[in-house]
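Which chain is which? The protein sequence lines are Z and C, in order. Residue numbering for the first sequence follows the working numbering, starting at 1 and increasing by one per position. Residue numbering for the second sequence follows the working numbering, starting at 1 and increasing by one per position.
Certain hints may be false.
Here are the simulated DSS-like pairs of lysine-lysine, each with C-alpha atoms no more than 25 Å apart in a straight line [stated by the list, open to error]:
{"no.": "1", "chain 1": "Z", "residue 1": "K68", "chain 2": "Z", "residue 2": "K40"}
{"no.": "2", "chain 1": "Z", "residue 1": "K68", "chain 2": "Z", "residue 2": "K3"}
{"no.": "3", "chain 1": "Z", "residue 1": "K37", "chain 2": "C", "residue 2": "K14"}
{"no.": "4", "chain 1": "Z", "residue 1": "K103", "chain 2": "C", "residue 2": "K57"}
{"no.": "5", "chain 1": "Z", "residue 1": "K41", "chain 2": "Z", "residue 2": "K68"}
{"no.": "6", "chain 1": "Z", "residue 1": "K56", "chain 2": "Z", "residue 2": "K3"}
{"no.": "7", "chain 1": "C", "residue 1": "K9", "chain 2": "Z", "residue 2": "K41"}
{"no.": "8", "chain 1": "Z", "residue 1": "K57", "chain 2": "Z", "residue 2": "K68"}
{"no.": "9", "chain 1": "Z", "residue 1": "K68", "chain 2": "Z", "residue 2": "K56"}
{"no.": "10", "chain 1": "Z", "residue 1": "K103", "chain 2": "Z", "residue 2": "K41"}
{"no.": "11", "chain 1": "Z", "residue 1": "K3", "chain 2": "Z", "residue 2": "K37"}
{"no.": "12", "chain 1": "Z", "residue 1": "K40", "chain 2": "C", "residue 2": "K71"}
{"no.": "13", "chain 1": "Z", "residue 1": "K3", "chain 2": "C", "residue 2": "K9"}
{"no.": "14", "chain 1": "Z", "residue 1": "K3", "chain 2": "Z", "residue 2": "K103"}
{"no.": "15", "chain 1": "Z", "residue 1": "K40", "chain 2": "Z", "residue 2": "K103"}
Over 12 Å on every C-beta distance to chain Z, these chain C residues come out as not near it, computed from the model [claimed, not checked]:
{"no.": "16", "residue": "Q22"}
{"no.": "17", "residue": "L43"}
{"no.": "18", "residue": "R44"}
{"no.": "19", "residue": "T54"}
{"no.": "20", "residue": "E59"}
{"no.": "21", "residue": "K71"}
{"no.": "22", "residue": "A82"}
{"no.": "23", "residue": "A92"}
{"no.": "24", "residue": "R94"}
{"no.": "25", "residue": "N99"}
{"no.": "26", "residue": "Q100"}
{"no.": "27", "residue": "Q102"}
{"no.": "28", "residue": "D106"}
{"no.": "29", "residue": "S111"}
FYI, nobody ran anything at the bench for these hints, they're computed from the structure. We treat Cβ as the ideally placed atom computed from N, Cα and C, and that holds for glycine.
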Amino acid sequence: EDKVVQSPLSLVVHEGDTVTLNCSYEVTNFRSLLWYKQEKKAPTFLFMLTSSGIEKKSGRLSSILDKKELFSILNITATQTGDSAVYLCAVSYSGNTPLVFGKGTRLSVIA
Amino acid sequence: NAGVTQTPKFQVLKTGQSMTLQCAQDMNHNSMYWYRQDPGMGLRLIYYSASEGTTDKGEVPNGYNVSRLNKREFSLRLESAAPSQTSVYFCASRDHWENQPQHFGDGTRLSIL
Numbered sequence: 001e002d003k004v005v006q007s008p009l010s011l012v013v014h015e016g017d018t019v020t021l022n023c024s025y026e027v028t029n030f031r032s033l034l035w036y037k038q039e040k041k042a043p044t045f046l047f048m049l050t051s052s053g054i055e056k057k058s059g060r061l062s063s064i065l066d067k068k069e070l071f072s073i074l075n076i077t078a079t080q081t082g083d084s085a086v087y088l089c090a091v092s093y094s095g096n097t098p099l100v101f102g103k104g105t106r107l108s109v110i111a
Numbered sequence: 001n002a003g004v005t006q007t008p009k010f011q012v013l014k015t016g017q018s019m020t021l022q023c024a025q026d027m028n029h030n031s032m033y034w035y036r037q038d039p040g041m042g043l044r045l046i047y048y049s050a051s052e053g054t055t056d057k058g059e060v061p062n063g064y065n066v067s068r069l070n071k072r073e074f075s076l077r078l079e080s081a082a083p084s085q086t087s088v089y090f091c092a093s094r095d096h097w098e099n100q101p102q103h104f105g106d107g108t109r110l111s112i113l
């Protein structure tokens, strides 16, 4: 059973649309949740969230964590073709365990 | 700011050949990781090293070995390459104890004929 589940798996939108990507996770020993963007190269870090209800924001991207309902959302407003990528959610759990990655959401923004 | 540096960036091998992928980080991170990523698929963890002197298997360790040479360097070795190991390999590092973000190298694209 997957510990980190992202939805939808893929999404096609038009430039200017607003999108919401979802990530749900298991609660046991949760430390933090991270979002990454992956274009045709290595994943690049976007946000790390540890506290519930506090929004992280960078330009048109924002993210929030709900520790009660065990999920996070990544919002992208006024999408551009450069936002086309796979967005990965990862969760850090306590102990020596590596990050657990979801399968990603593939976002395609068309002009 | 070098971050995580991987070498080589590209490599073509013949089946049965061996090679070592190199990874070094300059962020003083204690934990380092090797992933593979196949077309259209997510990241799969091969091996990791939570701290200098320790290594552990990830999800797909068969056919690979690793060495944590020192705190900075973590190498991945293919002893006898197989076509199924054709993939993009990413090294990553993180300060796990301080719960910091993980940073990735640019990747090595490996083709095995």
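Now the hints, each set against the structure:
no., hint, verdict
1, Z/K68 x Z/K40, "35 Å, violated"
2, Z/K68 x Z/K3, "16 Å, holds"
3, Z/K37 x C/K14, "33 Å, violated"
4, Z/K103 x C/K57, "20 Å, holds"
5, Z/K41 x Z/K68, "34 Å, violated"
6, Z/K56 x Z/K3, "23 Å, holds"
7, C/K9 x Z/K41, "11 Å, holds"
8, Z/K57 x Z/K68, "21 Å, holds"
9, Z/K68 x Z/K56, "18 Å, holds"
10, Z/K103 x Z/K41, "16 Å, holds"
11, Z/K3 x Z/K37, "20 Å, holds"
12, Z/K40 x C/K71, "29 Å, violated"
13, Z/K3 x C/K9, "32 Å, violated"
14, Z/K3 x Z/K103, "11 Å, holds"
15, Z/K40 x Z/K103, "16 Å, holds"
16, Q22, "16 Å, holds"
17, L43, "5 Å, violated"
18, R44, "9 Å, violated"
19, T54, "8 Å, violated"
20, E59, "10 Å, violated"
21, K71, "16 Å, holds"
22, A82, "24 Å, holds"
23, A92, "8 Å, violated"
24, R94, "7 Å, violated"
25, N99, "5 Å, violated"
26, Q100, "8 Å, violated"
27, Q102, "6 Å, violated"
28, D106, "5 Å, violated"
29, S111, "16 Å, holds"
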